[in-house]
Amino acid sequence: MITNIISAIGNNRSVYPLILRDCGIEVPSKIYITRKENLKESKTKANDATREKFIDEYATSALWLGGIPFVEKVYNKFIKRKGFSPDADIKLFKENEYQGIDYNIKKFKDTAAKEVAQLEKIKNNRALFEKIIAGKFAAAIIIPTALMGFVLPKLNFALTRKIKEKRIEIPQKQALNQKPSMTAFTSGKSVSFTGNWVSAIANMKTVDKMAITDGGLTVGRVSTSRNKDEACVNAFRMIGSMILNFVTPIYIAKFLDKCANKAFGLNVNLDPLIMGDKELVNAIKENRVELPKSNNAKDIFEFIDSKPQSLFSKFASGQGKITYLENGIRDPRKYVDVKELAKFKDEFENFIKSAKESSDISKFVKKAKFVKGINILSNVAISSALLAVVLPKLQYGFNKLVTGSYSDPGLRDN
Numbered sequence: 001m002i003t004n005i006i007s008a009i010g011n012n013r014s015v016y017p018l019i020l021r022d023c024g025i026e027v028p029s030k031i032y033i034t035r036k037e038n039l040k041e042s043k044t045k046a047n048d049a050t051r052e053k054f055i056d057e058y059a060t061s062a063l064w065l066g067g068i069p070f071v072e073k074v075y076n077k078f079i080k081r082k083g084f085s086p087d088a089d090i091k092l093f094k095e096n097e098y099q100g101i102d103y104n105i106k107k108f109k110d111t112a113a114k115e116v117a118q119l120e121k122i123k124n125n126r127a128l129f130e131k132i133i134a135g136k137f138a139a140a141i142i143i144p145t146a147l148m149g150f151v152l153p154k155l156n157f158a159l160t161r162k163i164k165e166k167r168i169e170i171p172q173k174q175a176l177n178q179k180p181s182m183t184a185f186t187s188g189k190s191v192s193f194t195g196n197w198v199s200a201i202a203n204m205k206t207v208d209k210m211a212i213t214d215g216g217l218t219v220g221r222v223s224t225s226r227n228k229d230e231a232c233v234n235a236f237r238m239i240g241s242m243i244l245n246f247v248t249p250i251y252i253a254k255f256l257d258k259c260a261n262k263a264f265g266l267n268v269n270l271d272p273l274i275m276g277d278k279e280l281v282n283a284i285k286e287n288r289v290e291l292p293k294s295n296n297a298k299d300i301f302e303f304i305d306s307k308p309q310s311l312f313s314k315f316a317s318g319q320g321k322i323t324y325l326e327n328g329i330r331d332p333r334k335y336v337d338v339k340e341l342a343k344f345k346d347e348f349e350n351f352i353k354s355a356k357e358s359s360d361i362s363k364f365v366k367k368a369k370f371v372k373g374i375n376i377l378s379n380v381a382i383s384s385a386l387l388a389v390v391l392p393k394l395q396y397g398f399n400k401l402v403t404g405s406y407s408d409p410g411l412r413d414n
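Residue numbers (our numbering): 1 to 414.
Don't read these hints as lab results, they were simulated from the structure.
The C-beta atom is built at its ideal place from N, Cα and C for all residues, glycine as well.
Pair ranges (Cβ atoms, derived):
#1 C23 x K109: 45 to 51 Å
#2 A117 x E286: 41 to 47 Å
#3 I374 x K228: 43 to 49 Å
#4 V402 x L159: 21 to 27 Å
#5 Y103 x F370: 40 to 46 Å
#6 A263 x K123: 52 to 58 Å
Only pairs whose alpha carbons sit at most 20 Å apart, straight line, appear in this in silico SDA-like list of lysine to any residue:
#7 K82 x G135
#8 K77 x K334
#9 K80 x A134
#10 K254 x E347
#11 K154 x S223
#12 K164 x P409
#13 K307 x Y335
#14 K339 x D299
#15 K339 x N296
#16 K136 x G66
#17 K73 x D208
#18 K258 x S354
#19 K314 x A342
#20 K285 x K367
#21 K107 x E302
Please model the complete structure; the sequences and the hints are all you need to start from.
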């Protein structure tokens, strides 16, 4: 159970580390620091800033983490109603020597008839299918981005204006003249999107699409800022958040794994779930681990198609690098990234080699698994500290430098 959790949060290509850092650590810390910094100015501003930050962070997290999967799930139902399979990969239209829509139709026509029939329908309606898939990914990015970056801030700011209006006594006539302006919704500002770049990201993972929505969120937050100072602070905060969420953890992981290799002579590039697998440990001891002959496409496809029950194929499938049908046949609708699979083979092979060279394979595996777990938790701790403490502190330091005040510039009394 613990290994499963560590494995999940250690995968920087998945949403699990983001969920832990964002909801569990980053948001509560940001709210606390926001209140603490604004208290330097006044309790009233601290209350306003805390409320805005609470609504902003938790609503944004819900849309950011759940928006893309939800939109895609709804859109998949639409794709099925159109008679297409949402599981088919658009990359298969690019035919090569060992995979492609024509190649897969021919190869799997007798072993995966149902899936091949779906591929044939897609092939015969390529233009329509490409438009539908492009629409799916456009919707998955545009809808959450619009809600997070444009709608949510305006609603949050409108709430603050209402509360501030009730807080002070003003003549009835003046109060009527200060109704919240809705011009921002109809100012003509818009973001244009084209189908070309949407098609290019059609095979991105959810976390990659989240990075794109984060970019859109940055644009939205800056453009909806209540004044220039708030726009500058928002840009500083959002750009820093993008870097620390999507770039920094990958390099921290590489650095920690490299240190483990140098300090302990351990190869810890593999997932801890794979390292701790008892069947793998026994197979290493008995020298019966089978791998593709080489990293070229021919040998890799030949291996994964002829030996779906091998440990390599099972682990690659568990990592989402290969998809097999219930009958053990590779899913012809799915594209196989040969380069990624070759990289996985090298890491798998290096781990086995290191284990064999050790004096005690069982002890080596336990130690490697433990060190990998420490590396993952250290990565989460470091990246979370950067996001939850360092970035907010730098943000308010930047705020003080730009505005001369610690309070959020959007709460400034005009």
